[in-house]
Every structure is written in C-alpha cells, then in structure tokens.
Amino acid sequence: MDRIRIVGGERLEGTIPISGAKNAALPLMIASLLTNETLTLHGMPRLADVALLSRILGNHGVDVTIAGKRAGQNFNDGQTYKLTAAEIVDTTAPYEMVARMRASFWVLAPILARCGEAKVSLPGGCAIGTRPVDLHLVALEALGADIELDAGYVIAKAPKGLKGNRIELEKVSVGATHNALMAAVLAEGDTEIVNAAREPEVGDLATCLVEMGAKVEGIGTSTLRIQGVTSLHGAEHQVLPDRIETGTYAMAAAITGGDVFLEGARPELLQEALVALRATGVDVFEEPGGIRVSRNGHGLEPVSVETQPFPGFPTDLQAQLMALMCTAKGVSEVRETIFENRFMHVQELARLGARIDLRGDTALVHGVNGLRGAPVMATDLRASVSLIIAGLAAQGETTIGRVYHLDRGFDRLEEKLRKCGAQIDRIAG
1 MDRIRIVGGE RLEGTIPISG AKNAALPLMI ASLLTNETLT LHGMPRLADV ALLSRILGNH
61 GVDVTIAGKR AGQNFNDGQT YKLTAAEIVD TTAPYEMVAR MRASFWVLAP ILARCGEAKV
121 SLPGGCAIGT RPVDLHLVAL EALGADIELD AGYVIAKAPK GLKGNRIELE KVSVGATHNA
181 LMAAVLAEGD TEIVNAAREP EVGDLATCLV EMGAKVEGIG TSTLRIQGVT SLHGAEHQVL
241 PDRIETGTYA MAAAITGGDV FLEGARPELL QEALVALRAT GVDVFEEPGG IRVSRNGHGL
301 EPVSVETQPF PGFPTDLQAQ LMALMCTAKG VSEVRETIFE NRFMHVQELA RLGARIDLRG
361 DTALVHGVNG LRGAPVMATD LRASVSLIIA GLAAQGETTI GRVYHLDRGF DRLEEKLRKC
421 GAQIDRIAG
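Residue numbers (full-length UniProt numbering): 1 to 429.
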C-alpha cells in the first residue's frame, strides 16, 4: 500500500483550487438511474469513490462516459461525466458492491421508483460507527413500498408504483433524505419530508432533480415538498465545490502560518467552520472567487466546538480542527455528536506529540509547543487528512500509511499542497 511522506515546517503560500464535492457527486451520479436520458455532470472530482461508483452503476446498466477536455478548460475544472440509464438491466445491488462503498446503498430508491422493485445489500458496519439504514426503510414504507429483510438484503417492492405521503424523519440523516427525495420525485401525488437534512449536498441533489423535471420546493430548509411526476428527463449540472476540502486546506494553511487562497470555495457552505477558524486568531477573508486564509506570526487560540448537522460545525471537519488545536495556546474542547467512534485519529496524533484526553464524546486538546514527525496510520478518510495537517507542522519526517482512505475523498492532495510549498510526496507500496 502507498504511503505519504511529509517533511514538516514549511509555510503554505499560494492558491489551491477547490474540487467538486464528493458528497454531492455520489448522489448526483445515482440520480441518473431516475431517467432513461443522459445526465451530464460538470466539475466532477477525480476520486477513487467516483470511479468505484461508476463501476457499480455500470452493473445496473448505466452507460458512463468521461468527456474529453474542452477548449479553454482548466485541469482544475474537474471532469465531465455523462451517465445514461437507458434501461436498468439489474435491480440487484450485491453485497460485494455495497460493502465497498456505503453510499451505493442509495441506489435503492431510484431503482425502486423506476422499476417497482429493488434488492440491495445492507451496507454492514462502518469504521466510524454503525450508521443504521432504518430511517431509509421507514421513508420508503411511508411511500407505499413493501420491504422485507432477507439474508442481509433489503427487498423492496412497489408493483403499482410509489404513492406520495408525509415522511417524518426521526433524526436528521443525509442518506435517508437522499433516498426519500429520489423516491418521492417519481411517486404519485404529493410528498412532504419533515426534518430533512439541510446539508448543501442535499440541496445540490434537489436542484439537479428540478433541472431534470422534478417539482421540489423548500430546498435548503428542513421541510421538502415534492409533487411527483411520471418521468424525469436529462439535464446538465455543475457539482458544487467541496466544503470539507475547503475547510481542510484552510486548517492546513492555518497550522503552517501560511497565506492561501482557496479558489472556487463558497463561504456560505461552511460558515460555522470559518467562525471557529476566526476564533483561533486566523484571518479569513471572503474574496471574489474564493476564500483567503492566513496567519502571520501570532499563535493559535484554543476553541470549543460541537459537531452538528448543517448549518452547524461539520463532523467531517472535526479531526482536522483537532489537529490544528494540537498547537494552540491552551485547552480546546471538541465534542462529537453525530457519529460514535470518531476519535480514532487521537492515538495517531499522540504519536506526533499531541496531548489529547478523551471523555466519552468529548476530546480535550491540550496545546503543545510543537509536534514531531513519526510514522502514523490512517483509520478513515477524515482522520487520514488530519494526520496530513499535523504532519505539515511537525518537526522532521512524518509517514502516513493506508492512504487509500485519502484517495477516496481528496482530489490530487499532494499536488495541491506541493504547489504551495509543502514537502510532501507519495511512496509507492
């Protein structure tokens, strides 16, 4: 397996282009199952998860092509995907597919809505917690689906089609909102999704569905109202920029005392994260075309944050903020309310000299004068990038193993950091 090697201590300076959001790209690709026409997605990130989902969708009969570079197109613009599900040839998503990517469970709703039946493997465990799918199934049952569980599979049937209804989600769930929304757009009649996730990636999916002919109101709020239609058509859609990548590079700039312009970033997508960054004493400027993050000489102040669904502080930036706070002047408090078991990066940060006490769902981060390089191991996608951030500030050499986690969610990470002065390279396994 590949490893990443960093020699820390370099100040990041320059411009980092922000790629399309992974958490938007995946549901948008799955939405192609809802129509027999072509869905064109611009600004797609170059990620292992996107490539894997392409293969999974191909198993269902989706023709996936990646368009060639257009005149005047910048490499940083991302790729253009054309997805055509002229006919769904297989309504089963087998365990060996779903087990490799949890998001592929979301094919359940569009296949059921379009074909009247679907058989999808339960996704099983997850490195950062159980993340049950019961909310997804309750939502589909509310729309009239008959659902049974058999040998690790969800078997859903709606031979006479789905019927609009009120869906009240017991807790905020991005995945359940995605599934409920994609089922409701082709259901007969009106549907109301109450306590819907408000994450920007949900709004991006809803906007794309409207471009495909769906009737959705309340986008960006916790109540989505959908008037079902009999069919959707093709569309062209631009994937929104990745707010988690934005926050990650902002914290990398902050920990190195750098000055970085995050090109294409949209501040409204991560306001709470920017509030937390400013509270540490980092300068954050919203400029035309992006966000500038800089820290010139002054130390980092400790902060207290609690992860919450959007518009709160995102759980996907918790590990990165913790890495930043390892070098603050005092004690920071980070409380994780979304996922259990999401502090696995703590013991790896400790190998770099961090002082972190865990108390249930809360981490107390005692700032230290400096971190020192060491071999560490990535445990999941966001934890792995927190080790990158810490390594950039650590004295000496840090090597990070299991970097396939990074390739799932960060587009050309080493290249982007290297162009801003980081000493970082990949060692082939």
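Read the hints as simulated data drawn from the structure, not as lab findings. Warning: the hint list may mix true and false statements.
[To be verified] Ranges between beta-carbon positions, derived for each pair:
#	residue 1	residue 2	range
1	D90	N369	53 to 59 Å
2	R46	M1	39 to 45 Å
3	F285	E217	17 to 23 Å
4	N296	N76	25 to 31 Å
5	H298	D90	16 to 22 Å
6	S304	I155	44 to 50 Å
7	E188	Q423	22 to 28 Å
8	G9	D357	53 to 59 Å
9	E170	G218	17 to 23 Å
10	D361	G14	26 to 32 Å
Yeah, the Cβ is synthetic: ideal placement off N, Cα and C, and Gly gets one too.
Quiz prompt | Violations among the numbered hints, reported as their numbers in ascending order | solution = 2, 3, 5, 7, 8 and 10
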